[in-house]
Amino acid sequence: MPTGPGVATSDVAVTPDRRAIWTADTHLASITKHGRALGRGNSVDVGGAPVAIAISRDGRHAAVTTGFYDRPGLAILDLKGHHVERADVGPEPCSVAITPDGESAYVTGAGVDGTLTRVDMRHGSVHPALAVGRHPRGLAITPDGERALVAVNGGASIVVIDLEASKVIGRIKTLPFPRNVAVSPDGERALVTHNGFQSHHVTVIDLRRQRAIERVGVGPDPAGIEFTKSGSRALVAASGSGKATVLDGRSGRRLRSIKLGGSPTSVTVAGGTAFVADRVSGQLHRVRIERGA
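Count along the sequence shown from 1, add 74, and you get the number used in the working numbering.
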């Protein structure tokens with residue numbers, strides 16, 4: 075069930091209680107709250123062009139990267155009072171993820187120099203950046219909060235990081251140009267999308283063995299990807315085909331595709347329901363991917 079056309083959207087996230095969906099409005103320097111019917115509500119200025127958004131598990135705070143060309147940085151928001159604090163996380167901030175305890179946000183960035191940076195969510199203090207490889211893009215934190223996975227777009231690999239030690243502990247080779255990464259709720263698998271010329275696949279990774287075990291065709295230009303809460307399903311948006319594809323969350327096997335039209339790019343999941351945002355029009359779609367969701 076889609077909304078009407080809105081504004082260009084770079085990312086989407088849903089609150090844990092499923093009562094609000096927040097979109098990053100690329101050209102408006104703001105994020106916008108949407109209700110259950112997906113209608114647009116209040117917007118909050120984040121001080122720059124938003125790139126990616128993450129919401130804490132308690133639903134109280136959001137972390138939003140802004141940048142490349144417009145005031146690069148990280149905005150930390152109180153979603154109830156709409157108070158915004160900004161932190162300098164270096165050039166070209168890209169993806170952001172919040173640890174399960176809500177204490178820290180991690181940001182990929184720095185372009186060719188490639189870093190992962192930790193920011194304290196309470197005080198906004200920025201820790202020394204960790205080198206990860208050229209042009210890091212997507213980022214996911216394991217459910218136990220112990221490790222981070224970074225899609226190193228310029229290195230055809232997923233970098234595994236021990237967060238407590240702030241140390242790279244593994245590099246998993248993938249297809250070229252890894253873009254976004256999602257980790258299963260049990261922490262045993264990861265799914266990776268890829269961009270670049272003739273990109274059509276998702277890579278399935280066994281995190282215990284730290285190796286890629288399968289590639290699955292999902293259509294041109296796969297982008298956002300996320301698991302359901304149970305881990306039995308995952309959804310990937312392929313902006314080149316205008317479709318979202320439901321995958322088996324354990325094997326990665328393609329189960330079915332849903333025609334959405336436009337350029338579906340960003341995915342967020344609440345329970346067994348996904349919300350997919352179109353990067354050009356800002357249109358939101360609700361997709362049921364598990365029964366009873």
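No lab work stands behind these hints: they were computed from the structure. Treat the hints with caution; some may be incorrect.
Here are the simulated distance ranges between beta carbons [claimed, not checked]:
{"#": "1", "residue 1": "Arg-330", "residue 2": "Arg-289", "range": "15 to 25 angstroms"}
{"#": "2", "residue 1": "Asp-322", "residue 2": "Pro-202", "range": "32 to 42 angstroms"}
{"#": "3", "residue 1": "Arg-289", "residue 2": "His-197", "range": "21 to 31 angstroms"}
{"#": "4", "residue 1": "Arg-160", "residue 2": "Glu-288", "range": "33 to 43 angstroms"}
Using 20 angstroms as the maximum straight-line C-alpha spacing, the simulated EDC-like pairs for lysine to aspartate or glutamate come out as follows [as the list claims (entries may be wrong)]:
{"#": "5", "residue 1": "Lys-107", "residue 2": "Asp-132"}
{"#": "6", "residue 1": "Lys-107", "residue 2": "Asp-91"}
{"#": "7", "residue 1": "Lys-241", "residue 2": "Glu-220"}
{"#": "8", "residue 1": "Lys-241", "residue 2": "Asp-187"}
{"#": "9", "residue 1": "Lys-333", "residue 2": "Asp-322"}
{"#": "10", "residue 1": "Lys-333", "residue 2": "Glu-364"}
{"#": "11", "residue 1": "Lys-107", "residue 2": "Glu-177"}
{"#": "12", "residue 1": "Lys-247", "residue 2": "Asp-236"}
{"#": "13", "residue 1": "Lys-154", "residue 2": "Glu-220"}
{"#": "14", "residue 1": "Lys-154", "residue 2": "Asp-132"}
{"#": "15", "residue 1": "Lys-247", "residue 2": "Glu-262"}
{"#": "16", "residue 1": "Lys-303", "residue 2": "Asp-236"}
{"#": "17", "residue 1": "Lys-303", "residue 2": "Glu-159"}
{"#": "18", "residue 1": "Lys-241", "residue 2": "Glu-288"}
{"#": "19", "residue 1": "Lys-241", "residue 2": "Glu-159"}
Since the model is a prediction, treat every value here as computed from it, not as a measurement. Note that CB positions come from ideal geometry on N, CA and C, so glycine has one too.
- Message: Hint check: Lys-154 vs Glu-220, CA-CA at most 20 angstroms. Holds or violated?
- Response: Since the Cα atoms of Lys-154 and Glu-220 sit roughly 29 angstroms apart, the hinted pair is violated (cutoff 20 angstroms).
- With a cut-off of 20 angstroms on the C-alpha distance, tell me whether Lys-107 and Glu-177 pass. violated, 23 angstroms
- Can the restraint linking Lys-247 and Glu-262 be considered satisfied, given a maximum Cα separation of 20 angstroms? Between Lys-247 and Glu-262 the Cα gap is close to 17 angstroms, so the pair holds against 20 angstroms.
- Item | Holds or violated: Lys-247 to Asp-236, with C-alpha atoms at most 20 angstroms apart | holds, 18 angstroms
- Pair hint outcome, Lys-303 versus Asp-236 [Cα-Cα no greater than 20 angstroms]: violated, 24 angstroms
- 20 angstroms limit on alpha-carbon distance, applied to hinted pair Lys-241 and Glu-159: violated, 28 angstroms
- Measure nothing beyond the straight line between the CA atoms of Lys-154 and Asp-132; if it is 20 angstroms or shorter, mark the hint as holding. Holds - the C-alpha atoms of Asp-132 and Lys-154 are around 12 angstroms apart, at most 20 angstroms.
- Query: Does the hinted range 15 to 25 angstroms hold for Arg-330 and Arg-289 at CB?
  - Reply: Cβ of Arg-330 to Cβ of Arg-289: about 19 angstroms, so the range 15 to 25 angstroms holds.
- Query: Range hint 33 to 43 angstroms: satisfied by the CB atoms of Arg-160 and Glu-288?
  - Reply: The hinted range 33 to 43 angstroms holds for Arg-160 and Glu-288, with Cβ atoms some 41 angstroms apart.
- Query: Does Lys-241 pair with Glu-288 here, judged by a C-alpha cut-off of 20 angstroms?
  - Reply: Violated - the C-alpha atoms of Glu-288 and Lys-241 are around 27 angstroms apart, more than 20 angstroms.
- Item | His-197 and Arg-289 - C-beta distance against the hinted 21 to 31 angstroms | violated, 42 angstroms
- Going straight from one Cα to the other, do Lys-333 and Asp-322 come out at no more than 20 angstroms? holds, 18 angstroms
The earlier numbered hints that this structure contradicts are 3, 11, 13, 16, 17, 18, 19.
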